[in-house]
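S.K.: Residue numbers (the working numbering), protein chains in the order written: chain Z, 58 to 186; chain L, 4 to 202.
For the record, the hints were derived by calculation from the structure and aren't laboratory data.
Be careful, since some hints might not be right.
Okay, derived cross-link-like pairs now, SDA-like style, lysine to any residue, Cα gap no bigger than 25 Å in a straight line [unchecked claim]:
| no. | chain 1 | residue 1 | chain 2 | residue 2 |
| --- | --- | --- | --- | --- |
| 1 | L | K146 | L | K66 |
| 2 | Z | K83 | L | K41 |
| 3 | Z | K148 | L | L172 |
| 4 | Z | K83 | L | K139 |
| 5 | Z | K83 | L | A116 |
| 6 | Z | K61 | L | K66 |
| 7 | L | K140 | L | E31 |
| 8 | Z | K148 | Z | D70 |
| 9 | Z | K166 | L | D70 |
| 10 | L | K41 | Z | K61 |
| 11 | Z | K136 | Z | H107 |
| 12 | L | K66 | Z | L81 |
| 13 | L | K112 | L | E171 |
| 14 | Z | K166 | L | K139 |
| 15 | Z | K179 | Z | A133 |
| 16 | Z | K179 | L | L197 |
| 17 | Z | K61 | L | K146 |
| 18 | L | K146 | L | R22 |
| 19 | Z | K148 | L | E171 |
| 20 | L | K146 | L | A127 |
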Amino acid sequence: MADKNLRFLVVDDFSTMRRIVRNLLKELGFTNVDEAEDGQVALHKLKTQHFDFIVSDWNMPNMTGIELLRAVRADAQLKHLPFLMITAEAKRENIIEAATAGASGYIVKPFTAATLEEKMNKIFQNLNK
Amino acid sequence: MGMYAQIGQMTRKLHDTLRELGYDKSLERVADAIPDAKDRLGYIATLTANAAERVLNATDIAKPIQDDLQARADQLNQRWELLYANKLSTEEFKTLAQDTRAYLALVPKQTDATSNQLLEIVMAQDFQDLTGQVIKKVMEMVKTLESELLTVLIEYLPAERKLELNTELLNGPVVNPDGRTDVVTNQQQVDDLLDSLGF
Chain Z
58 MADKNLRFLV VDDFSTMRRI VRNLLKELGF TNVDEAEDGQ VALHKLKTQH FDFIVSDWNM
118 PNMTGIELLR AVRADAQLKH LPFLMITAEA KRENIIEAAT AGASGYIVKP FTAATLEEKM
178 NKIFQNLNK
Chain L
4 MGMYAQIGQM TRKLHDTLRE LGYDKSLERV ADAIPDAKDR LGYIATLTAN AAERVLNATD
64 IAKPIQDDLQ ARADQLNQRW ELLYANKLST EEFKTLAQDT RAYLALVPKQ TDATSNQLLE
124 IVMAQDFQDL TGQVIKKVME MVKTLESELL TVLIEYLPAE RKLELNTELL NGPVVNPDGR
184 TDVVTNQQQV DDLLDSLGF
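Turn these sequences into a full structure, and let the hints steer you where they fit.
M.R.: Here it is, written out as structure tokens:
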């Protein structure tokens, strides 16, 4: 199982959604969580602080989740970071776009705690390969 | 003639024609209804945000209470196990009995506190009734707007109007997936799609 001290960055423009994800992560044993309200704030935090895992929404002002994902994958320091997309965007195009850009997982809202756990476990398994 | 001047003339002509045909009144109704709809939608956003906040606050309060009850019960249980394994002295047994009694007195207080939070969660759902009514009103309004605008549009659009496909990637939640093949409707379909592409 993954290290419980892993540091998470939860990126969403809705504070309730950030709180829900934070609570779910806590249920899974991860308490080291920081938040950002859009891609721009997230990217700044990622470049100035240490993180191990990114959970991000897609549709956000200033910088969207897909733009954040591309910026992360283009940055030598950050490109290895697991990036889980949690979004209401449900078009096939969106899912393919995210996968091609290098998303580690894709969850459609509304989602359950079980789905989050399953996707995270899958990501951790792939990391250990 | 410059493009802007041309657009200006077209606008003028459209405006005059609309007035002649009496459509200016229906457009006026449309323009009046939009701020009202914005207010109503703003109201829904506020109410639902408050409800989410209330529920999350309630669980933040209740969760530690539950965790504490569980931790104390686990701890007492372990000590009772020791007693039945004959590993406690008479003194230790006395303390255990006292602690257990204190715990039993504490439980109803804690469950009361949790019950209050559960009730708070129930009460936070009262937005559903209010937003439901407002949403119904907005839907009626949208329906009226749609038919008024359609009347005007049908009058002015060229016959071979092409339906433009929406290829934007920022659409928000799919409100009505019926008959659409370009969207997924659950997590399984996301997983299947990614699997089929080898991701």
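S.K.: For the pair supplied as a hint, K112/L and E171/L, is the alpha-carbon distance within the 25 Å limit?
M.R.: 54 Å, violated
S.K.: Is the straight-line distance between the alpha-carbon of K146/L and that of A127/L 25 Å or less?
M.R.: Not satisfied, since the Cα-Cα distance of roughly 30 Å exceeds 25 Å.
S.K.: Would you mind confirming whether the straight-line C-alpha gap from K136/Z to H107/Z stays at or under 25 Å?
M.R.: 13 Å, holds
S.K.: Need the status of pair K179/Z, A133/Z: alpha-carbon distance at most 25 Å?
M.R.: 24 Å, holds
S.K.: Going straight from one Cα to the other, do K148/Z and D70/Z come out at no more than 25 Å?
M.R.: Holds, at about 20 Å.
S.K.: Would the pair K61/Z and K146/L pass a check requiring their Cα atoms to be no farther apart than 25 Å?
M.R.: 52 Å, violated
S.K.: Is K148/Z close enough to E171/L, meaning Cα to Cα at most 25 Å?
M.R.: 10 Å, holds
S.K.: Are the Cα atoms of K179/Z and L197/L separated by 25 Å or less?
M.R.: 13 Å, holds
S.K.: Would you check the hint for K41/L and K61/Z, treating anything up to 25 Å between C-alpha atoms as holding?
M.R.: Violated, at about 45 Å.
S.K.: Does K66/L sit within 25 Å of K146/L, going by the straight-line distance between their CA atoms?
M.R.: 45 Å, violated
S.K.: Starting from K66/L, check that the Cα of L81/Z is at most 25 Å away, please.
M.R.: Judged against 25 Å, a Cα distance of about 13 Å means the pair holds.
S.K.: For the pair we were handed, K61/Z and K66/L, check the Cα-Cα distance against 25 Å.
M.R.: 20 Å, holds
Of the numbered hints given earlier, the model fails hints 1, 2, 4, 9, 10, 13, 17 and 20; all others are met.
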